[in-house]
Every structure is written in C-alpha cells, then in structure tokens.
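**Q** Chain by chain, the residues:
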Amino acid sequence: MNHVFQKLQASLTRQVFLMNQTLPLFRNTPSIQLPVWSSATSSERRYHSMPTHGIGSWKYLLSKKRTQKKKKDRHQMKQIVMATDSTYGTLNVKVSGYDMTLVERYTQYVHHLCNRLRINVSLCYALPTKTTEVMLMQEHGTKMFVDAVLKTHERVVQLNSLSTTVCPVFMDVLLKHQPEGVQLSVHEHTEADFKSRFKARPELQELMSHMNQ
Amino acid sequence: MAAPCAGMAGRPLGKFLSCFRRTVAVRTGLRQFSASSMCRATTATERATSPWNLMAAVCLQRLPVISAESSPLEQRFRHMIQQMELEKSLLSDHELRLLEDAERMSRKQSDDYDSDEEDGGRDQDIVLAQDLDDSWEQKLKNFQPAPRVSADVDKDLSSVQRCLADSLVLLAEQQVGSGKLWLLPQAPWQEGETLRQTAERALASLPAAGFNATFLSNAPCGVYKYKLPKAARTDSSEGTKVFFFKAVLSDIAPTTAINAPFMWLQKSELQRYLKPAYMMKVERFILDL
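Chains F and E are the protein sequences, given in the same order. Just so we're aligned, residue 419 is where the first sequence starts under my numbering, counting upward by one. Just so we're aligned, residue 9 is where the second sequence starts under my numbering, counting upward by one.
Hint data in this document are derived by calculation from the structure and do not stem from the laboratory. A hint or two may mislead.
Listed next, the in silico SDA-like pairs over lysine to any residue satisfying Cα-Cα at most 25 Å (straight line) [to be verified]:
hint, chain 1, residue 1, chain 2, residue 2
1, F, Lys594, E, Ser166
2, F, Lys569, E, Leu104
3, F, Lys548, E, Asp101
4, E, Lys149, F, Gly599
5, F, Lys512, E, Ala173
6, F, Lys594, E, Arg156
7, F, Lys594, E, Pro228
8, E, Lys147, F, Met553
9, E, Lys238, E, Ser58
10, E, Lys233, F, Thr583
11, F, Lys512, F, Lys548
12, F, Lys569, E, Ala137
13, F, Lys594, E, Asp259
14, F, Lys569, E, Gln146
Given the sequences, and given the hints that come with them, work out the whole structure.
**A** Written out as structure tokens, the structure reads:
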C-alpha cells in the first residue's frame, strides 16, 4: 500500500513539474491567449474555443419576425394586387364539386401546374362545405321526404400577377384536364370574397347596433 | 356529367384594348385598297406602312365532354386499388343497420323470443334498412346512362357530338384567293379594331353558325405568314399574316344547317385537310391532351 502511495506522489510531482515547465512556453507564444488570472489550473471552462461550442443551439435559425407577430395580424388580408397592362391582378381559381377526392386532386394539379409555369401562387385555401338536401315529393301524400344529401366542396387557389402571355396556355391546359363533375371558375379577388370566409358574429353586431343607436 | 367552365367574367377589357392598340400600331399594315397617302394625312404620327395584309383567325375548340378511356394498365391498377380500399375500409352506418336488422330478424324467428328483452329500447322500424336498399337498387336499374361512344356519330365529321373524349377543332371551308381551302375561320383586319375583335367577327360571320365562344386571351397564340407567289406580288402587298386566337366553345344555338361547310376534327385528323406549311404552324399551339 505504501509503494502505491509513493508512486502516486511521484506521478503527481512529475505532473506539476511538467506543468511548470510548459507554462512559460505557453506564455511566450502570442497565438494562445490565456486569461491572466488563470494560472496553473486547467479546470477553467474555455468553451468559446472548444470546437463543439454552440453545438446544440437552434434559436438562430428562427426568423425574428415570428416572435414579434401579434395575434391580431394573422387575420389581416393580404394586399390585393392591381392589374397592370401586362398582368392580371389577384385572381381566384375556384374549384368546386360534389366529390371531395376529385376536387382536392384537381386543386393539387392546378397548384403543381402553377409551380411548373412559375406562376406566383399567393394562397391556397378551402371554403366551408355547403350541404344541399335533395327532397322529393312522396307519391301518395303532400309530405316531402329527404332523398339525398349532397355536399359541395370548394377549394380556391389565389394567383398574383398572372402574365397575359402565359394565361391562354394555362387556361387551355386547365380546361382540357378538368374532370367530370368538377366546376372551374376564375374571377378577380375582392374584399367581399375575403370577408365571406369569416363567420358572422350576431352578438357583436347586436352590440354594435345598440352602441350606434 | 359534362363539366363546362363557368365564365371568366370581370376582366377589365379597356386596359387590354389599350395595350393591344399599341402593339397593333407597331405592326400595322394597310389593306390593298385603302389609299396610303390619305391615311398618312389623317394620322398625326407617321405610321410605318408594311406590305403585309393582316388577318385574324379563330381556333375554336370543343373541350372533351367525358373522361378519356383508360388504358389496360390503368384499369388493372384501378381495380387493384379499389379492392385494397374495400379491404381496409370500415362498415358504414347503413351497413351496420343492415346487419343489426338481419340479426334481429333471426332472433325474432327463434322460438324463445321476448320483445321486452329487446336491447336499447329502440322502436321497431317501419322501414327496414333492407327495404331501403331494395328501393335504391330499383332506382339504379331504372337509370340508363347514355352510351359513351357511338360509332355512327363519330364518323360524321361535321357533328359537334363526335368523339366526346377528345378535344376537337373547328375547320371551315373558305374562299382564299382563287380556290376554296379548308382552314381555321379567318377574317381580314379592318382599321380601328383590335385583332381579337377581328377574330370574333370571323367567328360570327361564319354562315349559319351560332357558336357561342369564350376567347381565352387578348394575345394571339400563333402566326402564319403567307407570301404571295412572285407573279402576284406588288409594291403594297407582299403577302398575308394570319394571327390565331384560341377560343373555347360554350354552347351552340340549335339552328345549325345540315350542309354547313364545317368540320370538327381531332388534331391527328387535321393533317389530311390542311396544307403542310399551314399545318406546321397551327399544330404548335393546338394541345392534344
């Protein structure tokens, strides 16, 4: 046990001796900067110079705008682009039909075609589903009974500044690929279109009317 | 279940008319019998007189009414996918009701049936789900869909109803120079109108036509240049330039004459009726999808 202790002591002293020898070397070379107050101890964390410094950080990847966005800004309308001589303004391509898979696939096709033709797509959203009940008169009697329930699905792809040279080609391809049972309509985007996406709030309207009276 | 495109209304025409007027002024050509000097006197700016006659033609297309036939590979794939979806799917409400009713019937038929022990306390339905099913089957049998392909209509080249699965182009037989030729309906350009209006006039002036078309754009989609043979060339007319405009047929008035000189052709059949140089320029913008 004693000789182990002695060996330990010897190794420790040897280490200290080495350190004392090498330290003056370090001090002379200007490339490695040591803070003056850290003398012999190597227990100081020099993390800025570690090669793995900053390995787990991700905050720098986020854009600063996200943190500053307020909740109110999310429902602002995007600016409606005006039509110029060589481009159309903001256009809404509305795809509607009874079969949801067909409607959604056709909307995807329209979107991919726009990406391919480098047409600027600003938004792609869905309007609420409208349910239509088809009622038939009963043969013997005056009561109507429900025959079928049809749901109309609508999807809108909003395009910004469609150039007039691309437009006929784009429309031709769209029309030729239109599936059966799907209606396509292209019209300009207005404020009323944007407002129609929101639900009406009758209590708020009542309160406003009371205030204005 | 045809799906025609709803109108593309609401485009301010005025702006585009002004755009087009500028471009037309650049390539203006004076017609043979309008005196060039008189024109120069009336317009303030000097217009470059070019020796070409301008014409506008309309490429009227009838879109496919039904979807195209699927190839054998597509049919097999569709069959396989349908089978997979059927195997993965869950029972719907109606199917559950059918099973419940069948089970209840079988329980009723057994001797030791007590209606008080009926589960759920539901009233006995007057109309069983099976009856609904039967009535729906009956309705389906009564429905006769129209045939997809009818061979005799397909052979009639002047009928609009031929080849419902393909898109067709209208050809009219028109007097050009000395003889009659089959080509896209065209009309000569007149002063003071845009080329698109000329194309609309070309469509409207077809004998006994009554076609209602939607023009796709104010800009032409193709051009064909025809130089007159050397003998007929004069100083003021070297040839004709024809600008093509695309339009889509929306509907036809029912009063079409039987002997009207029209043909509705697919792109593959166009080659037999058009001149080769003309065909080369025209086939570039006709999409055969």
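**Q** Checking one constraint from the list: CA of Lys147(E) to CA of Met553(F), max 25 Å. Satisfied?
**A** It holds: about 16 Å lies between the C-alpha atoms, which stays within 25 Å.
**Q** Does Lys512(F) pair with Ala173(E) here, judged by a C-alpha cut-off of 25 Å?
**A** holds (24 Å)
**Q** With the threshold set at 25 Å, check whether the alpha-carbon distance from Lys594(F) to Pro228(E) stays at or below it.
**A** Measuring from Cα to Cα gives roughly 19 Å; hence the hint holds.
**Q** Measure nothing beyond the straight line between the CA atoms of Lys594(F) and Asp259(E); if it is 25 Å or shorter, mark the hint as holding.
**A** Holds: Lys594(F) and Asp259(E) sit about 16 Å apart, inside 25 Å.
**Q** Within 25 Å, alpha carbon to alpha carbon, are Lys512(F) and Lys548(F)?
**A** holds (14 Å)
**Q** Does Lys569(F) pair with Leu104(E) here, judged by a C-alpha cut-off of 25 Å?
**A** It holds: about 23 Å lies between the C-alpha atoms, which stays within 25 Å.
**Q** Against the 25 Å threshold, does the CA-CA distance of Lys149(E) and Gly599(F) hold or violate the hint?
**A** Distance of about 22 Å is within 25 Å: holds.
**Q** Regarding the pair Lys238(E) and Ser58(E), is the alpha-carbon distance no greater than 25 Å?
**A** Holds. Lys238(E) to Ser58(E) sits at ~17 Å (cutoff 25 Å).
**Q** Has the given pair, Lys233(E) with Thr583(F), been kept, meaning a C-alpha gap of at most 25 Å?
**A** Holds, at roughly 21 Å.
**Q** Tell me if the straight-line CA distance from Lys569(F) to Ala137(E) falls inside 25 Å.
**A** Holds: Lys569(F) and Ala137(E) sit about 23 Å apart, inside 25 Å.
**Q** Verify the proposed pairing of Lys594(F) with Ser166(E), using a straight-line Cα cut of 25 Å.
**A** Roughly 21 Å between the alpha carbons, so the hint for Lys594(F) and Ser166(E) holds.
**Q** Does the structure keep Lys548(F) and Asp101(E) at a Cα separation of 25 Å or less?
**A** Given pair Lys548(F), Asp101(E) holds - Cα atoms ~22 Å apart, limit 25 Å.
In this structure, every one of the numbered hints holds.
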